[in-house]
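All chains should be modelled from the sequences, with the hints used to inform the complete structure.
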Amino acid sequence: MSPSIQAKRFMAGLFPLAGVVALLPLVVTNPYYLGVLNLTALHVLAVTGLNLLIGFAGQISLGHAAFFGLGAYVSGILSAGYGLPPLLSLPIAVGFVCLVALVIGVPVLRLSGNYLVMATLGFNIIVTVLLVQMEDVTGGSSGYFGIPPLSLGGLALDTDLKFYWLAWGLALLGLVPARNLAHSHVGRGLRALHDSPQAALACGVPVASYKIRIFVLSAGYAAVAGALYAHYFGIVTPKTFDIFKSVELVTMCLVGGMGSLWGGLFGAAFLTPLPQLLHVFQEYQDLIFGGVLLLLLMFLPQGLVGRLEESLVRRGFGGIRPPLEETRGSE
Amino acid sequence: MSALLDVRGLSISFGGVAALDSVDFAAEAGKITALIGPNGAGKTTLINCVSGFAQPDQGQAGFGGCALLGLPAHRIMGLGLARTFQHLRMFNRMNVLENVMVGLHGRMRRGFLAAMLRFPVLRREERALAEKAMAVLAEVGLARAAGKPAGALPYGDQKRLALARALVSDPKMILLDEPVAGLNPAETRVMADLILKVRDRGVGLVLVEHDMSLVMRVSDTVVALCSGRTIASGTPAEVQRHPEVVAAYLGGGEEFGLCA
Numbered sequence: 008m009s010p011s012i013q014a015k016r017f018m019a020g021l022f023p024l025a026g027v028v029a030l031l032p033l034v035v036t037n038p039y040y041l042g043v044l045n046l047t048a049l050h051v052l053a054v055t056g057l058n059l060l061i062g063f064a065g066q067i068s069l070g071h072a073a074f075f076g077l078g079a080y081v082s083g084i085l086s087a088g089y090g091l092p093p094l095l096s097l098p099i100a101v102g103f104v105c106l107v108a109l110v111i112g113v114p115v116l117r118l119s120g121n122y123l124v125m126a127t128l129g130f131n132i133i134v135t136v137l138l139v140q141m142e143d144v145t146g147g148s149s150g151y152f153g154i155p156p157l158s159l160g161g162l163a164l165d166t167d168l169k170f171y172w173l174a175w176g177l178a179l180l181g182l183v184p185a186r187n188l189a190h191s192h193v194g195r196g197l198r199a200l201h202d203s204p205q206a207a208l209a210c211g212v213p214v215a216s217y218k219i220r221i222f223v224l225s226a227g228y229a230a231v232a233g234a235l236y237a238h239y240f241g242i243v244t245p246k247t248f249d250i251f252k253s254v255e256l257v258t259m260c261l262v263g264g265m266g267s268l269w270g271g272l273f274g275a276a277f278l279t280p281l282p283q284l285l286h287v288f289q290e291y292q293d294l295i296f297g298g299v300l301l302l303l304l305m306f307l308p309q310g311l312v313g314r315l316e317e318s319l320v321r322r323g324f325g326g327i328r329p330p331l332e333e334t335r336g337s338e
Numbered sequence: 020m021s022a023l024l025d026v027r028g029l030s031i032s033f034g035g036v037a038a039l040d041s042v043d044f045a046a047e048a049g050k051i052t053a054l055i056g057p058n059g060a061g062k063t064t065l066i067n068c069v070s071g072f073a074q075p076d077q078g079q080a081g082f083g084g085c086a087l088l089g090l091p092a093h094r095i096m097g098l099g100l101a102r103t104f105q106h107l108r109m110f111n112r113m114n115v116l117e118n119v120m121v122g123l124h125g126r127m128r129r130g131f132l133a134a135m136l137r138f139p140v141l142r143r144e145e146r147a148l149a150e151k152a153m154a155v156l157a158e159v160g161l162a163r164a165a166g167k168p169a170g171a172l173p174y175g176d177q178k179r180l181a182l183a184r185a186l187v188s189d190p191k192m193i194l195l196d197e198p199v200a201g202l203n204p205a206e207t208r209v210m211a212d213l214i215l216k217v218r219d220r221g222v223g224l225v226l227v228e229h230d231m232s233l234v235m236r237v238s239d240t241v242v243a244l245c246s247g248r249t250i251a252s253g254t255p256a257e258v259q260r261h262p263e264v265v266a267a268y269l270g271g272g273e274e275f276g277l278c279a
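Going down the list, the protein sequences come from chains A and Z. Per our numbering, the first sequence runs over residues 8 to 338. Per our numbering, the second sequence runs over residues 20 to 279.
Hints are supplied without guarantee of correctness; some may be wrong.
Listed below are several chain A residues computed to face chain Z (Cβ distance under 10 Å; list not exhaustive) [as the list claims (entries may be wrong)]: (1) Val43; (2) His192; (3) Val193; (4) Gly194; (5) Gly196; (6) Arg198; (7) Gln205; (8) Pro213.
These aren't lab readings, by the way, just hints derived from the structure by calculation. Owing to the predicted nature of the structure, the values given are computational and were not obtained by experimental measurement. Note that beta-carbon positions come from the ideal geometry of N, C-alpha and C, so glycine has one too.
What follows is the structure in structure tokens.
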């Protein structure tokens with residue numbers, strides 16, 4: 008299968024999904040459930056970026072909630088505090104977060120494995136502490152509120168449904184460049200450095216710069232999701248972006264299947280509503296949530312979608328199909 | 020005329036132990052230069068220094084007139100100096116074809132943005148990459164395995180895949196770190212024929228190998244290292260008779276890390 012056919016197969020999956028997304032508001036009209044769906048879309052966006060970093064390049068970050076949070080706070084403060092239109096504060100916030108990711112990525116990505124996890128975790132804790140302590144700017148632990156909704160050319164996205172279209176539109180749109188990257192020579196280079204950084208270097212893959220680029224890119228995805236979050240909910244609190252949020256995002260990658268963009272989407276769609284549904288059980292929520300995770304990781308460590316794709320690979324359907332087979336097939 | 024790969028006075032020590040002690044080494048284009056010596060002699064360290072995987076304390080290394088030392092490994096590869104690893108280091112998550120395609124990574128001039136936006140030119144480049152990779156796979160006799168996961172191949176096939184991955188970028192020279200270690204006699208013969216075929220195309224080869232009958236059969240020049248020093252160099256026959264080489268291999272000195 009040539010890369011372009013592979014990409015077409017991905018698009019073939021994207022269109023029905025877009026159809027489902029378009030029809031869902033006909034069924035779901037309850038604003039609470041719409042809110043859950045909106046949050047799901049934001050998670051899909053963040054997890055897509057994180058999946059590129061973890062699943063493809065094999066660099067684990069437990070600090071992505073910090074990028075999510077910084078995107079939310081910067082865009083929120085710039086629009087509510089300094090009167091910038093959200094349409095302007097959002098890209099500025101994303102640019103700022105990418106810069107932060109670059110600055111911390113250069114030293115941190117020299118580390119690998121557990122050390123990288125600890126460093127990114129530490130970064131997240133520092134960001135949370137700063138958000139709490141810099142009360143004058145951030146509003147401290149009670150949060151920052153009064154953030155205006157996004158508006159596109161006079162049309163304020165101030166209802167759950169209007170935001171739904173934007174959030175899901177961007178979530179699906181965000182999959183396209185990620186898919187393009189994953190199926191390109193760059194994606195191959197990233198997977199190569201995941202398997203063996205030395206062999207990747209010996210093949211001419213600029214390992215250090217690729218790691219930093221993918222880190223910045225995934226931070227950018229998180230920042231977009233974060234900024235959208237701020238303008239949707241109108242309030243941001245430090246607790247929303249602490250290390251547990253980072254763990255949650257990584258878990259979404261894991262449950263769906265690392266290295267599978269569909270998996271990330273599925274993980275976000277599965278795990279975002281789960282705590283809401285389990286709300287009924289209150290005290291048992293963490294227990295059930297943790298139990299589901301435990302079972303999944305024990306019996307399906309490749310993730311739900313990852314398992315499916317793996318069996319496809321084993322039957323020879325994965326990866327780029329040799330051109331010879333392709334010509335033989337068309338005869 | 021100076022050799023394609025020219026190493027002078029290379030020294031490196033790890034924790035006070037000199038792995039290489041002022042080593043001179045040269046390998047010519049279109050020739051097979053074997054690097055032999057007992058375990059711990061510094062053969063792989065020499066390859067690592069030259070290919071950018073270790074930074075020597077002293078010395079110089081030039082490749083076709085370019086200074087190598089201090090360059091990052093992926094740039095050295097770009098100059099036309101490829102290498103393989105003793106421990107295969109396959110990309111196990113990819114199929115055989117993709118593994119070889121990664122070997123062409125240095126050719127791709129476009130980066131993240133072009134890839135994310137899926138520039139049409141990339142599609143053509145990608146197709147050319149796959150064709151080139153298939154041609155090399157055919158050359159090493161792995162065309163039929165192209166669609167299989169790399170990790171599923173038998174060990175001998177993986178060794179040839181490693182050679183294909185290095186060969187695909189049309190390098191001027193390949194550093195082969197123990198290409199036949201762990202292979203049975205039949206597989207070794209296939210690999211030896213391949214190595215000679217590559218040499219006949221004008222590619223220089225540096226062969227680190229313990230299989231002496233292979234070394235003596237295919238090499239144009241043999242360099243013997245012991246405890247980080249060059250003890251002999253010359254034609255296979257000369258080196259084989261060299262008293263220090265005989266002592267290093269047979270004298271029992273190697274167990275104590277001593278050379279005659």
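Just to be careful: measuring from the Cβ of histidine 192 of chain A to every Cβ in chain Z, is the smallest value less than 10 Å? holds (5 Å)
Was the hint right that proline 213 of chain A lines chain Z, CB cutoff 10 Å? holds (5 Å)
Go through the hint on valine 193 of chain A and say holds or violated, using the shortest Cβ distance to chain Z against 10 Å. holds (4 Å)
Valine 43 of chain A was flagged as interface toward chain Z. Is the shortest Cβ-Cβ separation under 10 Å? Valine 43 of chain A check fails; min Cβ-Cβ to chain Z is 30 Å, beyond 10 Å.
Can you verify the interface hint for glycine 194 of chain A: is its Cβ closer than 10 Å to any Cβ in chain Z? holds (7 Å)
Interface hint status, glutamine 205 of chain A versus chain Z (Cβ within 10 Å): Since chain Z brings a Cβ to about 6 Å from glutamine 205 of chain A, closer than 10 Å, the hint holds.
Hint validation: arginine 198 of chain A versus chain Z, beta carbon distance must be below 10 Å. Holds or violated? holds (6 Å)
Status of the glycine 196 of chain A interface restraint (C-beta, 10 Å, chain Z): With a closest approach of 5 Å, the glycine 196 of chain A hint holds.
Checked against the numbered hints given earlier, this structure breaks only hint 1.
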